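What follows is each chain in one-letter form.
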Amino acid sequence: MKLELRGITKRFGALVANNNISLTVESGEIHALLGENGAGKSTLMNVLYGLYIAEEGEILLDDVVQKFAGPGDAMNAGIGMVHQHFMLVPVFTVAENVVLGHEQTTFGGRLDLSAARAKVREISDRFGFDIDPDALIEDLPVGVQQRVEIIKALSQDAKVLVFDEPTAVLTPQETDELMTIMRQLAASGTSIVFITHKLREVRAVADRITVIRLGTVVGEASPTATNAELASLMVGRAVELTVHKNAPELRGTALAVKNLSVIDSRNQIVVNNVSFDVQAGEVLAIAGVQGNGQTELTEALLGLQQHVTGSIELDGKPLRGYSVRHILDSGVGFVPEDRTEDGLIADFSIAENLMLDRSSGAPFVKAGNLQLGFRAKFAAEKIHEFDIRSQGSEMEAGRLSGGNQQKVVLARELSRDLRLFVAAQPTRGLDVGSIEFVHTRIIETRDSGIPVIVVSTELDEVVALADRIAVMYRGEIVGIVPGNTPRATLGLMMVGEHAPATEAAL
Amino acid sequence: MSDKTNTPPVGPASKDGSERWNQTLRDITGGSAMISILAVFVALVVGAILIAFTNEGVQETAGYFFSRPTDLLQAVWDAVAGAYSALFQGAIYNFRADNFLTAIRPLTETLTFATPLIAAGLGVGLAFRVGMFNIGGRGQMLIAAGAAGWVAFAVELPAGIHLIVAILAGLLGGAIWGGIVGLLKARTGAHEVIVTIMLNFVALYLIQFLLRTPGALQAPGSNNPKTPAMLPTAVFPDLFGPRYNLHAGFLTVIAATIFVWWLLDRSNLGFQFRAVGQNPNAARVAGINVKNVYMYAMAISGALVGLAGVNQVLGTLTSGFSSGIDAGIGFDAITVALLGRSRPWGIFAAGILFGAFKAGGFAMQAAEGVPIDIVVVVQALIVLFIAAPPLVRAMFHLPTPGTTRKPRIHSVKVRTSNEVVAK
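Those protein sequences? They're chains A and B, same order as listed. For the first sequence, numbering that gives the first Met the number 0 assigns the number 0 to the initial residue and increments by one for each residue that follows. For the second sequence, numbering that gives the first Met the number 0 assigns the number 0 to the initial residue and increments by one for each residue that follows.
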């Protein structure tokens, strides 16, 4: 089915989220929609899906103008959406989720699940998904859950499929498999809109690329364009994609972690007997698929986990068993992986967030009184230094874009006297421009002689930053390898296969 | 159990539960001033309708509405205007009085009624700001009244010092009763709503027991569950002479309001309070001891509510008290805190409004025969409208906050579910 958007304009108050956007997706084409966070991609797709009504412009399917009052209309017209955050019920089976909202019943209002199972099997076989219709969603890996979303869309006879940032949660292998599936779908005549900000994926799978910036189409590109060309189109200026760094200047072991284990609140061993060192002046990246113990490991370093055994020593002084306050005061800087939940208080101003982890003493507090004058001056300095785009230091942090929120967290953590810097998923959800900024700051921190731990599920990031890479799988460190280890090897280690050269790097 | 509070629960289900509770609490307590004002306005309009419906003149004229409709409108106007005018004259300024000093007496009555409401409202509002729901006002007031009262009638001290010691005893009593809640929440993860409700009963029966025990709170030589009168050295002096009931307790409430403003807006402890109230996870990651914050906050909250009890026994009812001394103020305080949006001066204003309702309600009943229950209904409606900001916004076509933010599908989902909860 051919999809055409003509002159779509969508406003929110004074903000023009989409400005006269036109887009054509031919039948069987994979059309990538590339743009930074906040460029208006999601808004455009919500218009297409009937969640928003555009002020101007029209949507055409096979040259027929459509009017969508809600997602139901869009679905009936043949538009399916694979959401960034899966809209599945975890305790339902695959078949139950697929028919959810379109349940067929037999006599007496009983759910006709056998028909649903048959449908799941039929679609699953057609694309070689190999999915058990009776498996519970919560038991399935993320990549498989995404396939359930795809099946769900296809079971409604979707002829146009929208993938909203589909690779954000996938392993490299799962990403490759998804690309194959997308090509298969396109070959069978489905039109695909692929929303992303990852350049490599776009070039790998897209037939055509439309770049959006600030709500406007700024250009079309072919998949043969280079990463640098695409990035500069997206950001509006030339962007440094590779992180420039010199060989690390090692200054001796700073952090020593020995036999560290963490048991979580459900009595599961989530970090299992992990040992590693970090030298002052190097970046140790901890790679791995989300949920293999990296989060708990960083939380244990900061004293946020309750049941921790083993030892953590920073510059020869023990850290394990101390309060978060003590560990922060010992010079540990921490960028939590969930910035909106753990890193910032959305309703607090930028200035308040900048003093969040220094609320108990000088320079922000004197004799129990907040030093508002000092805080305002400090905030103004940091906003300038870290280029935080805002309406001043009293603006609520929750109203900043993701990249600027992360800059607030970085500004706060890097403005203390650090002995160790731990950054968990420092660029998750950030746009290209902000990623560049964050990476530069991390390397600067390293070069000033501070040991740095970067936890990331993005191989690109790991490879760009790391001097050494520790790969975690099921709570254990599979191996610690040099920073120039090939991606393929890292990918294998991320699914638990030991690297042959593991010992050499230790 | 203990690690439920220590670590934010990892499981997605339990996290969502507490998140939603927190978010709803924040939505209700953090609404805009405009919502508060409109809520009062709408509640008064609905109150007017109720007054009209229950008025005999209106009912009579409604019988021949189609022959002479103006009679009905006139009757409605008379009923509503009469009632609200009586309410105003009973609460602010009595136009029928002979001289200014008598005419202004209703205003001082309003302030007298407002005094304990403001104090308790500050306590409940402070707990709101830390993300906690203190429904234990009754218990905290009773314990504070018991402690302050005992010092006031059983201990003999020089004038001035006696009053101060009695006040401090009351504040300490309230702080302990509130602090127990904070301690249990921090150490065992017990939910403060359950604990405060239960402690209300514990306090009530404890005070009733002490009131029946000679040598404790019971007046010597009496069989009634009532204390002796407070010694004059421990009683708040009248502010404007014996002509008015307004006593110096009102000054303590002004001081308490200033203190809470300083605590929340200017002190680092208050900064930590607000951080925990807005996002306990981020506060914990930032090295703030969330458990200690819960304990301190509940203790201070209890002390403020206790100040309401102190004002009752040392100011309003100095001839001795029984177990009904709290007079429902602990619960009215929740409404006051909501209406004041948990801001100190907002609570101050809301407390005065509710004091005016109390003072004016009696006058309205006496002058116009409108039942005082109407005032209670109006108060309840105010809470209802404040708890449903989307309803008030829809009525006055106010913009929904956050619509100019970058929307996404999941954020749309979240917002609708919150609104459902808030309703």
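If you are wondering where the hints come from, they were derived from the structure by calculation, not from laboratory data. Source: prediction; values computed, not measured. Hints are supplied without guarantee of correctness; some may be wrong.
Unchecked claim - Distance windows between CB atoms, simulated: (1) L135(A) / F330(B): 42 to 52 Å; (2) G320(A) / R211(B): 23 to 33 Å; (3) N291(B) / D386(A): 33 to 43 Å; (4) H325(A) / V45(B): 28 to 38 Å.
As the list claims (entries may be wrong) - Partial chain A-side listing against chain B, Cβ under 10 Å, derived: (5) V98; (6) F106; (7) L110; (8) D346.
Think of the CB as a built atom: it goes at the ideal place given N, C-alpha and C, for glycine as much as any other residue.
Notebook entry, point to check: Going through the earlier hints one by one, which of them does the structure break, listed in rising order?
Noted result: Result: hints 2, 4, 5, 6 and 7 break, sorted rising.
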